[in-house]
Amino acid sequence: MDAKNHMDNRQPNLSVFRRLLLTCGLLAALALPLAQAVPVLEISRAQSHSATAQTLDANAPFIERRADPWVIRDDDGSYYFIASVPEFDRIELRHAKTIDGLHQATPKTLWRKHETGPMSIDIWAPELHKIDGRWYIYFAASNKDVRFHNRMFVLGLEGDSPMTGQWQELGKLQSAQDAFSLDATSFSLKGERYFIWAQQDKAKRYNTGLVIAKMLSPTQLSDNETIISEPLLDWERLGFKVNEGAAVLVKNGKVFVTYSASATDDRYAMGLLWADENADLLDPKSWHKSPSPVFTTEPSLNRFGPGHNSFVLAEDGKTELMFYHARNYLELQGTPLTDGNRHTYYRAIRWSADGFPVFDNQQSDSQTLHQQDTQSRE
Numbered sequence: 000m001d002a003k004n005h006m007d008n009r010q011p012n013l014s015v016f017r018r019l020l021l022t023c024g025l026l027a028a029l030a031l032p033l034a035q036a037v038p039v040l041e042i043s044r045a046q047s048h049s050a051t052a053q054t055l056d057a058n059a060p061f062i063e064r065r066a067d068p069w070v071i072r073d074d075d076g077s078y079y080f081i082a083s084v085p086e087f088d089r090i091e092l093r094h095a096k097t098i099d100g101l102h103q104a105t106p107k108t109l110w111r112k113h114e115t116g117p118m119s120i121d122i123w124a125p126e127l128h129k130i131d132g133r134w135y136i137y138f139a140a141s142n143k144d145v146r147f148h149n150r151m152f153v154l155g156l157e158g159d160s161p162m163t164g165q166w167q168e169l170g171k172l173q174s175a176q177d178a179f180s181l182d183a184t185s186f187s188l189k190g191e192r193y194f195i196w197a198q199q200d201k202a203k204r205y206n207t208g209l210v211i212a213k214m215l216s217p218t219q220l221s222d223n224e225t226i227i228s229e230p231l232l233d234w235e236r237l238g239f240k241v242n243e244g245a246a247v248l249v250k251n252g253k254v255f256v257t258y259s260a261s262a263t264d265d266r267y268a269m270g271l272l273w274a275d276e277n278a279d280l281l282d283p284k285s286w287h288k289s290p291s292p293v294f295t296t297e298p299s300l301n302r303f304g305p306g307h308n309s310f311v312l313a314e315d316g317k318t319e320l321m322f323y324h325a326r327n328y329l330e331l332q333g334t335p336l337t338d339g340n341r342h343t344y345y346r347a348i349r350w351s352a353d354g355f356p357v358f359d360n361q362q363s364d365s366q367t368l369h370q371q372d373t374q375s376r377e
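Start counting the sequence shown at 0; every next residue gets the next number (numbering that gives the first Met the number 0).
Simulated from the structure, these hints should not be mistaken for laboratory data. One should not assume that every hint holds.
Straight-line Cα separation of at most 30 Å, BS3-like style, residue types lysine-lysine; simulated pairs [as the list claims (entries may be wrong)]: (1) 112 - 171; (2) 250 - 201; (3) 317 - 129; (4) 203 - 143.
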């Protein structure tokens with residue numbers, strides 16, 4: 000969700016062809032100010048390869064009017080889907096045995112905003128995480144009497160099933176700065192659990208940057224916070240100076256972090272950070288940054304302003320899927336906050352010879368899924 004900004008006319012359901020694909024199991028050079036420069040030529044080459052490919056279909060929404068999608072695979076292989084609802088007033092959850100099943104799954108409301116106080120408006124970007132066997136939901140909320148006073152909060156599950164158990168409010172997840180903050184995510188690496196979120200720095204001239212800290216517990220952060228990305232590149236400062244919506248993918252000896260930047264209209268786009276998995280992730284010098292966005296608006300596919308993604312393994316246990324939101328038209332119907340037509344889409348991610356994720360910007364979602372299916376059958 001954009002700091003002060005935030006989602007197509009409703010589209011038909013998935014095409015029969017795409018549904019068949021889904022059910023088949025388909026599934027920097029400029030660095031940060033303190034970081035070393037690392038070439039990203041392979042990413043650019045891989046994307047240019049896809050430019051001449053024929054589109055299998057115009058991207059059809061997977062789930063309509065759901066932004067900031069987060070999908071997690073449980074230990075039993077089933078999937079949960081959680082996202083921002085256009086009213087920004089509640090937290091819903093879906094559950095299904097398969098990815099495709101999430102499309103038809105009935106959402107259940109787990110929690111609603113308060114009438115007053117710090118959780119009374121702008122319920123944004125919930126994420127469901129399983130930490131040490133217990134389920135948690137991290138989300139941002141604000142006070143309707145003090146607009147854009149967003150902070151991060153956490154719910155904890157009493158019970159085993161996120162769909163049927165009781166969710167308890169565990170309070171605010173306090174950062175050291177206690178500033179405007181949102182879009183939190185968590186990941187574990189080598190026995191340590193980390194938290195990445197978007198936060199305004201009162202000493203900086205931008206809306207939000209990305210901050211990382213270790214977690215002392217599922218409800219407490221270390222005071223040692225590090226800024227790992229700031230909106231300093233031209234493409235990150237269109238409309239709003241924003242880095243937000245981080246998603247983590249650990250693979251090939253690296254920690255990859257995608258993020259979203261600029262205003263949440265057609266200028267919204269995704270960038271890429273990475274660090275060596277053995278590096279000190281709290282050291283800004285460990286992080287590198289692609290100088291160009293890796294996933295952007297593509298009018299030929301009716302994809303406008305893609306961003307705030309998440310990653311999950313497909314049913315085959317090896318294909319990385321990327322869920323993201325976008326609109327399928329250019330002109331907003333109102334403002335980013337009042338236009339609720341950001342839809343959820345997903346596609347398959349492939350990997351370059353250098354071990355970097357390839358996003359195939361000019362291919363449709365179905366095309367990426369078809370390619371992965373073809374490769375898995377060879």
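Structure-based check of all given hints:
In summary, the hint linking residue 112 to residue 171 is supported, as the alpha carbons are separated by about 14 Å, within the 30 Å threshold. For the hint pairing residue 250 with residue 201, the CA-to-CA distance comes to about 34 Å; that exceeds 30 Å, so the pair is violated. Simply put, residue 317 and residue 129 have alpha-carbon atoms about 20 Å apart, close enough for the 30 Å limit, and the pair holds. Taken as a hint, the residue 203 and residue 143 pair is honoured in the structure, with Cα atoms around 25 Å apart against an allowance of 30 Å.
Hint violations for this structure: number 2 only, all remaining hints satisfied.
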